[in-house]
Each structure stands twice: as structure tokens, then as C-alpha cells.
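Undergrad: Listed below are the residues making up each chain.
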Amino acid sequence: MNNLSINILDQELQELWDTTTTLLTDGWLEAQTLHTQLRILYTVIFTPGTIGDKINQFKNYDIDNKKQQLIDNVYKNLSTEARTNLLVIEGFILMLFAYIAGKKLTDNELIPPFVLEEIKQEISSYTFISHLPIYEKEADSLYEHLNNIHNLLREIYYLHEFRIAESWKQYPVGQYRILEMHQAQILNSKQAFKVGLNTPEDQSICFYGQSWILELMNQNFKIGLKVAENPDAQYAGDYPIDVYYELNRQIDYITMPQEQRDKIKTSFLNSIHQIQNIMDTCLIDTLPTIKKFDY
Amino acid sequence: MENNTTESPKYKLIEQLCQFLQQELLIKRSKETQLEWWYTLKQLPGTIQSKLDWLVIQPIPPRKLSTIMDLQQHPESNCFKDPDLSSYFNQSFNQHIITIQNQIPTLKSYTTQQTLVESQKHITINNYTFQYDYPKGKEEKKDFSKHLHKLYKLVHTQYYLAEQQITDHYCGFDPLKYTVIESELAQRLHLYTQIQNVENLYNLQYSLTYSGIEPVLNQLDKIFAQLLNAKNHSTQKLDITLDPYEYFPGFGEQLAVLQLPPIHYNKITNQFIEAIHGLESYFIRGSISRMPYQHKSAENNLKDL
Numbered sequence: 000m001n002n003l004s005i006n007i008l009d010q011e012l013q014e015l016w017d018t019t020t021t022l023l024t025d026g027w028l029e030a031q032t033l034h035t036q037l038r039i040l041y042t043v044i045f046t047p048g049t050i051g052d053k054i055n056q057f058k059n060y061d062i063d064n065k066k067q068q069l070i071d072n073v074y075k076n077l078s079t080e081a082r083t084n085l086l087v088i089e090g091f092i093l094m095l096f097a098y099i100a101g102k103k104l105t106d107n108e109l110i111p112p113f114v115l116e117e118i119k120q121e122i123s124s125y126t127f128i129s130h131l132p133i134y135e136k137e138a139d140s141l142y143e144h145l146n147n148i149h150n151l152l153r154e155i156y157y158l159h160e161f162r163i164a165e166s167w168k169q170y171p172v173g174q175y176r177i178l179e180m181h182q183a184q185i186l187n188s189k190q191a192f193k194v195g196l197n198t199p200e201d202q203s204i205c206f207y208g209q210s211w212i213l214e215l216m217n218q219n220f221k222i223g224l225k226v227a228e229n230p231d232a233q234y235a236g237d238y239p240i241d242v243y244y245e246l247n248r249q250i251d252y253i254t255m256p257q258e259q260r261d262k263i264k265t266s267f268l269n270s271i272h273q274i275q276n277i278m279d280t281c282l283i284d285t286l287p288t289i290k291k292f293d294y
Numbered sequence: 000m001e002n003n004t005t006e007s008p009k010y011k012l013i014e015q016l017c018q019f020l021q022q023e024l025l026i027k028r029s030k031e032t033q034l035e036w037w038y039t040l041k042q043l044p045g046t047i048q049s050k051l052d053w054l055v056i057q058p059i060p061p062r063k064l065s066t067i068m069d070l071q072q073h074p075e076s077n078c079f080k081d082p083d084l085s086s087y088f089n090q091s092f093n094q095h096i097i098t099i100q101n102q103i104p105t106l107k108s109y110t111t112q113q114t115l116v117e118s119q120k121h122i123t124i125n126n127y128t129f130q131y132d133y134p135k136g137k138e139e140k141k142d143f144s145k146h147l148h149k150l151y152k153l154v155h156t157q158y159y160l161a162e163q164q165i166t167d168h169y170c171g172f173d174p175l176k177y178t179v180i181e182s183e184l185a186q187r188l189h190l191y192t193q194i195q196n197v198e199n200l201y202n203l204q205y206s207l208t209y210s211g212i213e214p215v216l217n218q219l220d221k222i223f224a225q226l227l228n229a230k231n232h233s234t235q236k237l238d239i240t241l242d243p244y245e246y247f248p249g250f251g252e253q254l255a256v257l258q259l260p261p262i263h264y265n266k267i268t269n270q271f272i273e274a275i276h277g278l279e280s281y282f283i284r285g286s287i288s289r290m291p292y293q294h295k296s297a298e299n300n301l302k303d304l
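Note that the protein sequences, when read in sequence, are chains A and B. Residues in the first sequence are numbered from 0 upward in steps of one, following numbering that gives the first Met the number 0. Residues in the second sequence are numbered from 0 upward in steps of one, following numbering that gives the first Met the number 0.
Since the hints were made in silico from the structure, they are not lab data. Remember, it's a predicted structure, so these values are computed and weren't measured experimentally. For every residue, glycine included, the Cβ atom is placed at its ideal position computed from N, Cα and C. Treat the hints with care, as some may be off.
Stated by the list, open to error - Covered by chain A, according to a simulated footprint, are these stretches of chain B (three or more residues, beta-carbon under 8 Å):
#	region
1	22–36
2	54–63
3	99–111
4	198–205
To be verified - Anything over 10 Å on all C-beta distances counts as not near chain A; from chain B, calculated:
#	residue
5	167
6	172
7	190
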């Protein structure tokens with residue numbers, strides 16, 4: 000870490016690592032049921048904000064005064080730099096994941112081969128042909144909303160088919176597995192939805208992604224967008240979520256707080272609506288073509 | 000479905016046009032002009048018709064001009080206005096470009112291009128993190144990313160021109176010195192080396208992380224160090240509109256070497272100014288200024304697996 004976090008004193012970091020070690024190993028955590036331990040740790044890992052906000056979460060559980068004080072001390076003594084520094088936060092998160100792996104709180108052995116399989120999946124290009132030029136504003140917005148749908152479909156698919164997720168959104172800890180930090184980062188970066196080399200004046204725009212996710216996107220677009228492949232779509236772009244029968248069923252099937260479920264559905268419909276707007280502006284009236292790309 | 004096969008009359012017409020361009024219009028001109036014309040035809044926006052509109056205002060002997068006019072009167076000529084066929088036309092002369100490039104010893108041959116692009120697949124990818132003292136809003140992040148992507152793209156283009164004498168886009172430089180690489184290879188190079196937003200999986204609010212290739216990030220480091228330095232020595236808003244390269248000499252020198260015609264030089268300079276302007280207000284807020292930092296991305300761990 001040395002030169003990357005020059006402003007962070009060794010002493011304050013040492014205090015943070017010591018406190019975290021105490022919190023994880025002095026017995027109170029182990030006394031909880033496996034599911035409670037996981038819930039506590041995921042709550043800490045995924046709490047928004049600084050390292051202070053994350054470590055403070057431990058205080059909501061039954062810890063003694065001495066540990067309360069340790070947390071308060073760390074919180075008080077950490078500089079802003081240390082509390083917000085990405086590498087410090089990631090180091091802290093890795094400590095918690097190492098505890099999860101060490102205590103065998105989840106069946107971690109299956110995960111690396113799964114990730115390796117998934118990152119090797121075939122890549123395709125994803126090309127929209129337009130009758131009017133796609134300028135920067137539309138291109139940016141198109142990417143943003145396609146990316147949102149891409150990530151959403153991918154997340155739902157993994158939760159539904161494999162009960163695996165990259166981040167924890169209150170799914171029951173015994174039923175859904177959360178990927179370890181590096182595994183999650185690798186999977187996420189390898190499966191990213193990418194922009195191709197486009198010029199604004201081109202009468203087409205291309206993106207890249209894993210073929211199976213692009214297929215899933217087109218299956219949904221065929222239902223909800225005004226395209227030649229969907230002759231009945233007179234109100235396309237504004238359908239309710241029910242018409243995306245399979246997706247809706249999957250979202251309803253996954254155990255998560257209702258609020259989270261509603262958020263996913265609203266976000267999906269909003270992106271569909273925005274994509275339809277761009278297609279109307281640039282006169283795109285066919286589904287994007289998926290073509291295998293030997294990456 | 001017969002209209003969609005390459006046997007159909009419209010595809011034949013496009014091939015006929017391409018053949019005429021190569022065998023009658025261009026063959027007797029210098030290699031330099033041939034490349035310039037093909038690059039321009041390829042990069043001109045829009046349909047085949049818009050490319051022909053450019054062609055007919057070039058210095059062309061009347062007899063050959065009338066051949067172009069005739070082709071435009073052909074019963075199938077409305078296919079020139081079909082946006083779906085632009086890329087077919089572009090591909091139809093790809094081979095001519097490669098053939099000419101292969102004949103010029105100062106340019107990279109197609110095989111060399113291939114080897115070079117494949118080697119870039121293994122270039123080190125680093126994460127690049129910006130730290131803030133306040134949580135950033137969604138719109139702010141979007142705007143910051145947009146300008147950072149622009150700056151990365153400019154520096155990326157300059158880096159490959161300077162280091163490998165290759166590029167994906169013709170912008171007025173000496174076509175006998177720098178190689179415009181073949182489209183699919185260009186696409187590949189872009190995918191291997193582009194900047195990417197790193198997804199925030201852990202609800203971090205005080206940092207933004209991107210991933211990109213190390214040599215380009217190193218050059219960005221220099222630009223940000225210069226930006227901070229200039230800021231620290233000036234109480235006013237950094238005025239880079241008159242001569243941006245006074246503050247960022249590295250980028251300026253790389254650009255000067257290309258000896259571009261003013262129109263292209265100014266276009267790149269304006270893009271550079273726009274990107275720097277877009278970033279500077281975000282990069283420094285109040286008196287707090289911090290360099291972004293580079294660190295190993297998880298993707299590099301794959302090489303160890």
C-alpha cells in the first residue's frame with residue numbers, strides 16, 4: 000500500500016486491523032448461528048459509505064463495551080483519507096471474506112471453477128443499424144440503458160439459476176451465495192458490456208458482450224420494443240412488467256425485500272422506455288444483430 | 000430472401016463501383032493518394048451516396064466522372080442510399096487498402112498488424128482510482144466519467160501513434176508513415192485496451208475506479224500532475240484555451256510530431272481542451288487536491304490462475 004496512501008499513518012491503519020481482528024476472533028461472532036454470522040458480515044461489507052460507516056455496523060449487534068470502545072476509537076482516530084481510501088476499504092473487506100472462507104461459512108470451493116467457466120463464455124458483437132446518424136448524446140444514453148438492462152438480466156439470471164450474486168442485497172444468506180471480492184471483480188470485469196469502436200456519424204453502433212446475455216436482451220426487446228421482429232408492438236416501450244413474462248416470474252421467484260424487487264422492475268421499465276426513445280430519434284426499427292466475435 | 004445474398008444486383012452494383020474506383024480511378028495515382036482517398040471514403044459518414052457526393056467534387060477527369068454519374072443512374076442505384084449497405088461497401092475495398100499497405104515498406108503489413116494487436120491483449124491492465132472527500136452524486140459521476148473517457152481516448156490514440164505508428168482513424172497525417180489498421184483489428188485493439196468503469200459492488204461513495212492499460216494511465220498521471228501543479232500556482236481558473244500545451248507539453252509534443260494540417264490539429268486540440276475543462280472542476284474542489292492512483296486490477300489475477 001505504501002506510496003499509494005502516503006497520507007495514512009501506519010499507526011491508524013494498525014489500529015484498524017487490530018480492531019477488525021478483535022471483532023472477528025474474540026468469540027462473540029462465533030457464538031452466533033452460521034446464518035447470523037453471515038448476515039452480520041454481509042451487512043458490514045455492503046453498508047454504503049466510508050470504512051467508519053461499515054465498521055460502525057458491528058455496534059448494532061450484541062458486542063460488549065470494550066469492543067464498542069475499540070470501534071469508537073478507530074472511528075475517532077481515522078483520518079478522512081483512511082476512512083474513504085479504496086485500498087484501505089478493500090483490505091478491510093478482504094479480511095471479512097477471509098474470515099468467511101476460513102470458518103467455511105459458505106461452500107466456497109465450488110466458486111472458483113464456476114467463475115472460470117463463466118468468464119470463458121463466448122463473446123459477440125451487438126450491432127444496431129439506424130436510418131439516421133447516432134450522435135454522441137444518443138450513443139451515451141443508449142449505452143447507459145443497454146448496460147443497465149444487461150447487468151440487470153445477468154444478475155437476475157445468476158440469482159435465479161445458481162443462487163449466486165456479486166453483491167448482497169438482503170437475500171437470505173443461507174439460500175444465496177455471495178462471491179468473494181476478487182472473484183466478483185473478475186467476473187464483473189470480464190462480463191462487462193463494452194462499447195465498440197464507433198464514430199458518431201456511422202449509421203450503426205456496436206457493443207460487445209457475452210453472447211448468452213445478449214440473447215437474453217433480445218428476447219426481452221422482442222417483447223417490449225417497436226421492432227420489425229415484433230409486429231404487434233403498437234404500445235411498445237411502455238408495456239407493464241407483466242408482459243415480460245419470464246423475467247417477471249424470475250424476479251418474483253427470487254427471495255428479496257419487496258422494495259428491492261420494485262426497484263429492479265422500475266429500473267428495467269425505465270431503461271426500456273429510454274431505449275425506445277432513442278430508437279425513435281435515430282430511426283432504429285430492427286433488433287440488434289448478435290455476431291460471434293473471436294475475442 | 001434472395002435480396003440478401005451477395006449475388007443480388009445491388010451487391011453487384013456496389014462491387015462494380017468499387018472495381019471502377021480501384022482499377023480506373025485510382026490505380027495510376029501515387030500510393031500516398033490512393034491510401035488517402037480510400038481512408039477518406041471509408042471514414043466519410045453516412046450512406047454510399049454521401050461518399051459519392053464527396054468523390055464527385057474531387058479533381059477527376061471528365062470521362063471518369065461521367066462513369067460515376069452513369070453508375071448513379073443505374074436502376075439499382077437507390078441501394079447507394081441504403082444505410083445497411085455502407086459497411087458492405089467499406090468492406091469491399093478493405094482488401095485494396097491492405098494490398099497497398101503491404102507494398103509500402105514503411106507501413107505495417109497486415110500480418111504485422113495482426114501480431115501487434117494480439118500482443119496488446121497481454122498488456123498490463125491497472126485500476127485507476129479517484130478519491131473524494133465528499134460523496135459524489137450520480138450525475139456528477141456520469142459527467143466526470145464522460146470527460147475522463149474522452150481524455151483517455153485522446154491519449155490512447157497518441158500513444159499508439161507514437162509507440163507503434165498505428166491508429167484506427169485517418170486524421171491527415173502522412174499515410175506513408177503511420178498505418179491505419181484494418182477495421183476488425185482496430186476493433187480488437189480497442190476492446191483489449193479501452194477504458195472501463197469498474198463497477199462499485201461494495202457501495203463505496205468516496206471513490207471512482209476505472210480500468211485501463213498501464214502506459215496510457217502513466218501518461219494520464221503526468222497530465223493530472225501538471226494540472227494540479229498549474230492549479231497550485233495560480234489563484235485563477237486555469238486558462239488553457241489559448242495554448243493548452245504550455246501546461247501539457249507532453250501531449251503537445253506528441254501531437255506536433257504528426258505534422259497535421261491545421262484543421263485536424265485544431266480539432267484534436269479542441270477535444271483536448273474540452274476534456275481538461277470538463278475534468279478540472281471535479282478534480283479539484285476547494286483547496287483539496289489529490290492525485291488519482293494506479294493499482295493492480297483483479298483482472299491481472301487471472302494470469303496467475
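Undergrad: Which hint numbers does the structure go against, in order from smallest to largest?
TA: 1, 2, 3, 5, 7
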